[in-house]
Amino acid sequence: MKLYEWAAKDILKRRYGIPVPDAHRVQTPDEARVAAEDLGGAVVVKSQILSGGRGKAGGIRFAASPDEAHGLSLDLLGQRIRGLEVRDLLVERRLDIRDHLYLGLAVDGSARLPLLIFSTRGGVDIEEVPDREIFRRPLNLEEAQRPGFWPKLMAEAAEGRGLSAGVVAKVAGVAEALYRAFVENDAELLEINPLAVTPEGEVWAVDARMTVDDDALWRHPELPRFEEGTPLEQRVKALGLSFVELDGDIAVMANGAGITMATIDVLARFGGRAANFLDAGGGAGVEATAAAIEVLLGTRPRAILINIFGGIARCDDVARAVVQVKEQKGIPVPLVVRLAGTNQEQGVEILRQAGLMAYQTMEEAARAAVAAARGG
Amino acid sequence: MAIIVGEATRLVIQGITGNQGRFHCARMLEYGSRVVAGTSPGKGGQEVEGVPVYNTVREAVERHGANASVLFVPARFALDAALEAIDAGIKVLVAITEHIPVHDAMKLLFRARSRGTVVVGPNTFGVISPGKCKAGIMPGAIYSPGPVGIVARSGTLSYEIANHLTLAGLGQSTVVGLGGDRVVGLSFVDVLEMMEGDPETRAVVLVGEIGGTAEEEAAEYIRTRGRKPAVAYLAGHEAPPGKRMGHAGAIIERGKGTFATKVEALRSAGVPVADTPDQVPELVKRALAGGGG
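Heads up: the sequence lines are chains W and C, in that order.
Basically the working numbering = 1-based index in the first sequence + 1.
Basically the working numbering = 1-based index in the second sequence + 1158.
Hints are supplied without guarantee of correctness; some may be wrong.
What the hints assert, rightly or not - No farther apart than 30 angstroms at their CA atoms in a straight line, the calculated lysine-lysine pairs in the DSS-like style are these: (1) Lys1201(C) - Lys1265(C); (2) Lys153(W) - Lys1265(C); (3) Lys1290(C) - Lys1249(C); (4) Lys1386(C) - Lys1249(C); (5) Lys1265(C) - Lys14(W); (6) Lys1265(C) - Lys171(W); (7) Lys1386(C) - Lys1443(C); (8) Lys1265(C) - Lys238(W).
Honestly, the hints are just simulated from the structure, not real lab data.
If we strip away everything but chain C, and leave its shape as in the complex, we get (with noise of 0.2 angstroms):
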């Protein structure tokens, strides 16, 4: 099964002329995506890495049956881009795009609220379903089919981590990046409810940073209703006291958001948390032995 894409998959690529986006529709191409269309304004009737390249988004769900898209447009232009998806009917919108404004991001995530769109990112490295679908920027060759969920809210610590599992003989079934802005589509725990209703999978690492309280109510969420195992790794031990958001931003987060809340909160919720990524394999091992999923 895993989450968010899988074999039914039908991804058309926003911004497919681009740099970015025709690297890596080749790459996608070459993992065995199902990339159907290309979005690009201006620029229908053209094809890249013989993919059928179309003005707009309804073109790509109309004649192809596109179903998520992935979307590399810039910044400036991401949200009437990502606007224009989830009105054409885009049910799985991975948005790679860095830099978007935030205010920019609260309004494209309202709208996809009322629509039902999932929304991973902005600032992601996407989403992949190894053996099935990727639908991102990740190397694939990372990655092997199996039980494992992972989480990250950061791309390149989560490939060091699938890496090791990898290695390790432990597989993924579902590998999600959150994306690295403070406003994204999903949380922990959306990912989290998804994989406890996912099969495959049979136990989950989350891979997280210092800042924002997600953590924390992640480790809320295991702690009252999770059922499979899960393990953690967190960066930002040894980070300084970041830049202060003001008293809004002490207010908000009050007494969570630093490193020692959020592992004291997940080790509380019975959460083994590693110490280095090279930890992971083996505290993962432990917990599917002892008799999660």
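Excised from the complex, chain W in its bound form (with noise of 0.2 angstroms):
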């Protein structure tokens, strides 16, 4: 789960101590005046999106005034930015800023440790910069708890990179208090991108990116919820099936992720493109298999493309799914179904009493779906 900049930077103020600029969150152009007059005049208006690249997308400006805010605000709320629709801005007192740093943390795959990221040359190009001005470090579990870690560390990340020692300092403090909110609140990322350096040094938290574990949600009642992708994804993701919309016309259901996108690559291969990614999942029964074909329907394909091979999924229940939607609501579309592995017979044979065949490989049902989709 993302969090907006507004909620993750709360965090990080609240909780942990970390310098953040004064802001308020704001709805309309009259809050974004308030705001800005209360927080001096020079401000900065930041769309809150769940994306990145908002600034160079034209979702954060510069106001010098409570009216440019105002003036700002009425254009920016409303608008979507890289498709998502502003409905929130952060009004933020606006700083004199020397030095742009970046400090991340992230979960390394290789390495199956916290990864820390550092680099005196943040800001909106951080992804360009070279792999030398990157300071990279897969963080050892006990020893990143241990006192003197992190002054040492820091020390040493930004090393001939020209912060002065009182800088540093700083620098450690927050990458220690970030690391306790990485690991607390079971995120996946956190991230502070420009950690600004003022020229009186002193240090801020000026934007702040978290992406928090799903599958740790449940011990986090704390944290705010947001709700991310389509409202179809969204109310599909709440059947519990893993569901992307794409922009074909085929409609494809498989069970394992690996398995879905081999699906719709093989599709692809013989000239077909899917409408969609629905991983139905190792052990669906058949009511969870209903819905999810329900769910294929639902998004008026040309052609329906079911890839089963079952290990813990069962060919039979797949295919008391398919009968069962097919009785109950019709499917007036064409529809390949390719059933292999456990209980394949017994699945063969339910779809042929219901008067449908069903294909033994993805590779002849994938070309079977691109043929029923062309009207062939």
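Make the complex out of the two chains shown on their own, each in a separate frame, by following the hints.
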């Protein structure tokens, strides 16, 4: 789950004492004007969307006065930035920034450890900064909690980068707090970019991004909840299925993320285009599978391709689900089913009795689905 | 020989009294795996499918010589259960459980490394050495013993490919499911290294997918140190650019992790990449005939 900037910064400030510029979250231009007045006039108006690259897409603007903040808010609210509607703005005190640092924590799949990333060339172009300007270090889970660890590590990370000892000490304090926040909130990603240094040597978290592990949300009732994805994706997610909308016309369902991706690939190889990615999971029963098929029908495809390799999932359950939907709701488009593996014979027989056939391989089924979608 | 599990493997099933544990205990016994004990806190003294149930892994180790665990414990309790198995001296931990929080997985693997425990998963279908031991939830019937090692990130897709191989007369030495989570115990490279040292394995099939850098690392290993022939299939050619993990993800992966970079890395390491799963057996036959092994 991604957190909005305002929510991530709120956590960093309130619970971890990381310096964050004063700001107000607003939803109307009038509120923006009042916020800017309160913050002394010169402010930054920031669109709150669950996506990076806001600055480059015009979602972050600078206002010299409350009137200007009002005007910019009028323009930004309701606009779509990177495909997402702007409903909230963060009106933030504008800082005089000398250095833009980058400080981030992520999960390093290769090291199987948290990864610290630091650069003195932070800001909007961080992704283009050459490797040698980026310090990376997988963190030993025990060492990262020892006293003295963070000052030493950050001194190493900042060596030769022109930061004063005082600034490095402040950065180390932020890094240590950030690590605590990363671990305590089950974050997958927690980054401050920029971590701004003012001419006076103060250090401020000007922008923050945080993604919390969905699998750990149960132990974080204190965190706010934000939904991502299209309305349809959200509805299907609530059914416990993994679903992504694509732009083709053949609805696809398979059991397992890898085989679902492979089904979409094989479909494309034979000239078809998938309307969606729907992973019904390894062991979906009749009802869950029927619900998944109904979701597919709801996308109004030209054909449906169901590709099942039964391991834990049983072919007879899938066949029963198909027949159930066919009898109760009707399936008005060509339906191509591939069944292999556990209880294949029973599944094929159930389909046959309902007047449906099943293919044995996914390659054959994909070809048939492409032909069906073309009306052949 | 095979790798990770074999004739000498004595399994304990953690979470044996749950639905999944109970069901798959029966399937593993049916296959001929030595399931010597199960655990379920507070249920010690019961039996499941004739297998004695204990409260702790330590009892299973002490009384039955269990040396490998298959873990079905629900995600919320999985970390504690896994640590218990590691501390009881279990050598191979197969963590079937899905949705284990990533920070729990990092803690689990951190401890496993310090104790030398091999962790398969989490979120894996398990590991099988056909004809010898099935430690997981894969359908046993699709495998047959033979010279091909399979290492896969994804379960069902690997079943698809194992099935094609078996139908083509190409049996398997060991099939390893790395696990679908971002942080898992074994990498492609770890398993490739084990397969290099396994006389029974004469060729390796990698079943990968987009995201992460594990396939690129595997390609680098094969290019520099691999002696046995390898073949790959990758899923995700048509996947739209996935959810980006903020800047950090882009910085970590830096030009890796896409379908194209993975295929390029593998091909330049001399690993043929199949366009569709049904092409894999033909590529393996050619690799075996090409004098590998």
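(request) Measure nothing beyond the straight line between the CA atoms of Lys1265(C) and Lys171(W); if it is 30 angstroms or shorter, mark the hint as holding. (result) 28 angstroms, holds
(message) For Lys1386(C) and Lys1443(C), compute the direct alpha-carbon distance and say whether it is at most 30 angstroms.
(response) 13 angstroms, holds
(request) Decide if the proposed pair is consistent with the structure: Lys1265(C) and Lys14(W), CA atoms, cutoff 30 angstroms inclusive. (result) 27 angstroms, holds
(request) Measure nothing beyond the straight line between the CA atoms of Lys1265(C) and Lys238(W); if it is 30 angstroms or shorter, mark the hint as holding. (result) Between Lys1265(C) and Lys238(W) the Cα gap is close to 28 angstroms, so the pair holds against 30 angstroms.
(message) Please verify whether Lys153(W) and Lys1265(C) have alpha carbons no more than 30 angstroms apart.
(response) Holds - the C-alpha atoms of Lys1265(C) and Lys153(W) are around 23 angstroms apart, at most 30 angstroms.
(request) Would you mind confirming whether the straight-line C-alpha gap from Lys1290(C) to Lys1249(C) stays at or under 30 angstroms? (result) 17 angstroms, holds
(message) Tell me if the straight-line CA distance from Lys1386(C) to Lys1249(C) falls inside 30 angstroms.
(response) 26 angstroms, holds
(request) Assess, step by step, whether the Cα of Lys1201(C) is no farther than 30 angstroms from the Cα of Lys1265(C), and give holds or violated. (result) Given pair Lys1201(C), Lys1265(C) holds - Cα atoms ~27 angstroms apart, limit 30 angstroms.
When the structure is compared with the earlier hints, no violation turns up for any of them.
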